[in-house]
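Peer 1: Quick note, the sequences are listed as chains A and B, same order.
Position 135 of the first sequence, counted from 1, bears residue number 135 in the UniProt record's numbering, the numbering being contiguous throughout.
Position 200 of the second sequence, counted from 1, bears residue number 200 in the UniProt record's numbering, the numbering being contiguous throughout.
Since the hints were derived computationally from the structure, they do not count as laboratory data.
Keep in mind that a hint or two might mislead.
The list cannot tell twin chains apart, which means a pair is met if one copy fits it or any two copies do.
30 Å max Cα-Cα, derived DSS-like pairs, lysine-lysine [to be verified]:
1. K233 x K203
2. K233 x K95
3. K175 x K233
4. K95 x K162
Protein chains: 2
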Amino acid sequence: MSPHAPTPTTALDSPLSPPTVLVIGAGAVGGFYGAALARAGAHVTTLHRSDYEQVRQYGIRIDGLDRQEIFHPHRVIDRLEALPDPPDFLLVSLKALPDPPVAEIIRPAVGDQTAIILLQNGLDIEEPVQTAFPEHEIIAGLAFVCLQKIAPGHIRHLCHGKITLGRHPSGISPKVRQLAALFTAAGLPCQITDTPARARWIKLVWNAAFNPTSVLAGDRTTEEILRLPEGEKLVRDIMREVIEIAAAHGHDLPEGLIEAHLEATRSIPPYHTSMALDHLAGRAMETDAILGAAVRAARRVGHSAPLLEGLWALMRLLEGDGIEKSG
Amino acid sequence: MSPHAPTPTTALDSPLSPPTVLVIGAGAVGGFYGAALARAGAHVTTLHRSDYEQVRQYGIRIDGLDRQEIFHPHRVIDRLEALPDPPDFLLVSLKALPDPPVAEIIRPAVGDQTAIILLQNGLDIEEPVQTAFPEHEIIAGLAFVCLQKIAPGHIRHLCHGKITLGRHPSGISPKVRQLAALFTAAGLPCQITDTPARARWIKLVWNAAFNPTSVLAGDRTTEEILRLPEGEKLVRDIMREVIEIAAAHGHDLPEGLIEAHLEATRSIPPYHTSMALDHLAGRAMETDAILGAAVRAARRVGHSAPLLEGLWALMRLLEGDGIEKSG
Chain A
1 MSPHAPTPTT
11 ALDSPLSPPT
21 VLVIGAGAVG
31 GFYGAALARA
41 GAHVTTLHRS
51 DYEQVRQYGI
61 RIDGLDRQEI
71 FHPHRVIDRL
81 EALPDPPDFL
91 LVSLKALPDP
101 PVAEIIRPAV
111 GDQTAIILLQ
121 NGLDIEEPVQ
131 TAFPEHEIIA
141 GLAFVCLQKI
151 APGHIRHLCH
161 GKITLGRHPS
171 GISPKVRQLA
181 ALFTAAGLPC
191 QITDTPARAR
201 WIKLVWNAAF
211 NPTSVLAGDR
221 TTEEILRLPE
231 GEKLVRDIMR
241 EVIEIAAAHG
251 HDLPEGLIEA
261 HLEATRSIPP
271 YHTSMALDHL
281 AGRAMETDAI
291 LGAAVRAARR
301 VGHSAPLLEG
311 LWALMRLLEG
321 DGIEKSG
Chain B
1 MSPHAPTPTT
11 ALDSPLSPPT
21 VLVIGAGAVG
31 GFYGAALARA
41 GAHVTTLHRS
51 DYEQVRQYGI
61 RIDGLDRQEI
71 FHPHRVIDRL
81 EALPDPPDFL
91 LVSLKALPDP
101 PVAEIIRPAV
111 GDQTAIILLQ
121 NGLDIEEPVQ
131 TAFPEHEIIA
141 GLAFVCLQKI
151 APGHIRHLCH
161 GKITLGRHPS
171 GISPKVRQLA
181 ALFTAAGLPC
191 QITDTPARAR
201 WIKLVWNAAF
211 NPTSVLAGDR
221 TTEEILRLPE
231 GEKLVRDIMR
241 EVIEIAAAHG
251 HDLPEGLIEA
261 HLEATRSIPP
271 YHTSMALDHL
281 AGRAMETDAI
291 LGAAVRAARR
301 VGHSAPLLEG
311 LWALMRLLEG
321 DGIEKSG
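With the rest of the complex left out, here is chain A (with noise of 0.2 Å):
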């Protein structure tokens, strides 16, 4: 192992004051991001829980594409609480989870000034937390990367790494502008977006596609399902039908979507999916961010979605929440 110091290039618009970012949810995606900021010279402070120990002491390694690292956080909790100031970026990395509500996870590190960034799966996520701080910013964040948490305070980078960042609801903000500088100085791909939600979407298609497949098929890697023919073809229908739906909300995909999904996805390695990887793991997967969300927007609109009804369906009987309990 030979982790190479990091590197920061400063890309700050005051050079004199660091921005602090909180990353709360600091697993695969937020402690990779948040390393990136860190590289790019804020003072990144992270929460955890059962891996609190280990990142205090080591650090969070990431095994990157061409190298190794060691992100030594600014600053490790364990709570909340023990966090002395608001932090000027508030980072949610948590999984997509309906329960507890974001907004009551988050409310004691919101400051004033703090900037909230959902970096998470769905759609419409942002807009329950607008509400909780209706004064705050809310910047939907989209990660293209494939991560895995191999163990506490230890993350492997398979590939990708790009980031889109857009103002909730629209438009371009200095914040927005600030931490895109911070990604693009730390070498990772990021892109602005006035339309965070039409991003969300495009990240749907892919997710809806991919993941509930993944767990479906005995979770199964992208490569084997798009090895069997019938495996690309239902990737392509389920794509299709959340097409379908981002355009009955107004939200007209760019032309060639799916094949460029399916081109990202065969440029990588074998790759499972997150939920297929919670589900290896027995733990809660974002079923209802990734497939809820599509169904309910179909229903919304009155748009058929059989595919996706179906694939809910079956993903809620695998889950068994209201068979166990009831049973």
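Given the coordinates of chain A, work out where chain B should sit on it, guided by the hints.
Peer 2: Chain B alone, transformed into the frame defined by chain A:
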């Protein structure tokens, strides 16, 4: 264990010559219906591979709904060449798998006068057998029964038991009447149909809805599937798709079929479908006979069947044929 000695009730055209029956595929279904024919006075031979020694020595134990029975076949064989004479009836109750073709399996046992009963799942399964034996009577058999083979030579009968019989492709023959009389004499509800293809669709409506769902949802019972509103909706949606495909093929299935199927399913104890039992035991599943048949039928008439196509793809991925082999 207090097995009742079976009381044969003769229901033969000629009491002097009991009809001879050979059961190929004497698992749960073949053992159960073979035992019924024996109770009615037929001379029933059963063919076994792994269970041969067990059945030869101890017969087939059937734990029935209200009694136990030991079925001692007239003859127990371990290969078709051991059969001295071709049977009057050849009862095929093999699992419906694509290979090898049924006609090849049964050929050594088919005599000039042998009628072939296909008591199997699937659609259009009579045609290839009729083609192989153009001069022979082919009888379609549909079993509406819950059975489970719990050990070698040991069957549990859980519910129902009705059998539907019809000469392929249509019409009612003396042999069908003779068989029906035997099953009726044995105490089993037996229905004769002159449209067996339609009866196959009626059974497929249930099979396509419950069998793949039970497997993909994590080997759920019928009761668990119906306990979740999403599960019942999925079952109804799949049934509707199959009914529409049947209609596109000229088979108008009975009004209220979905309600009748759901009612019959709710009336039974929590039940693992045959496909879920096969999956749990790591055995080959009837994916092709149940879903493949429905999907092919839809495609032949250009009918859209998104749910069945999706389930088919998921089952193909789960089974992994074409993934592991080329991987």
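Peer 1: None of the hints should be skipped; say for each whether it holds.
Peer 2: We went through each hint and held it up to the structure:
1. With identical chains, the CA atoms of K233 and K203 are at most 30 Å apart both within one copy (19 Å) and between copies (28 Å).
2. In the homo-oligomer, the alpha carbons of K233 and K95 lie at most 30 Å apart both inside one protomer (29 Å) and across protomers (28 Å), since each shortest distance falls under that limit.
3. Taking the shortest Cα distances, K175 and K233 never come within 30 Å of each other, neither inside one copy (41 Å) nor across copies (46 Å).
4. With identical chains, the CA atoms of K95 and K162 are at most 30 Å apart within one copy only, with a shortest distance of 19 Å there and 50 Å across copies.
Going through the hint list in order, the structure does not satisfy hint 3, though it satisfies all others.
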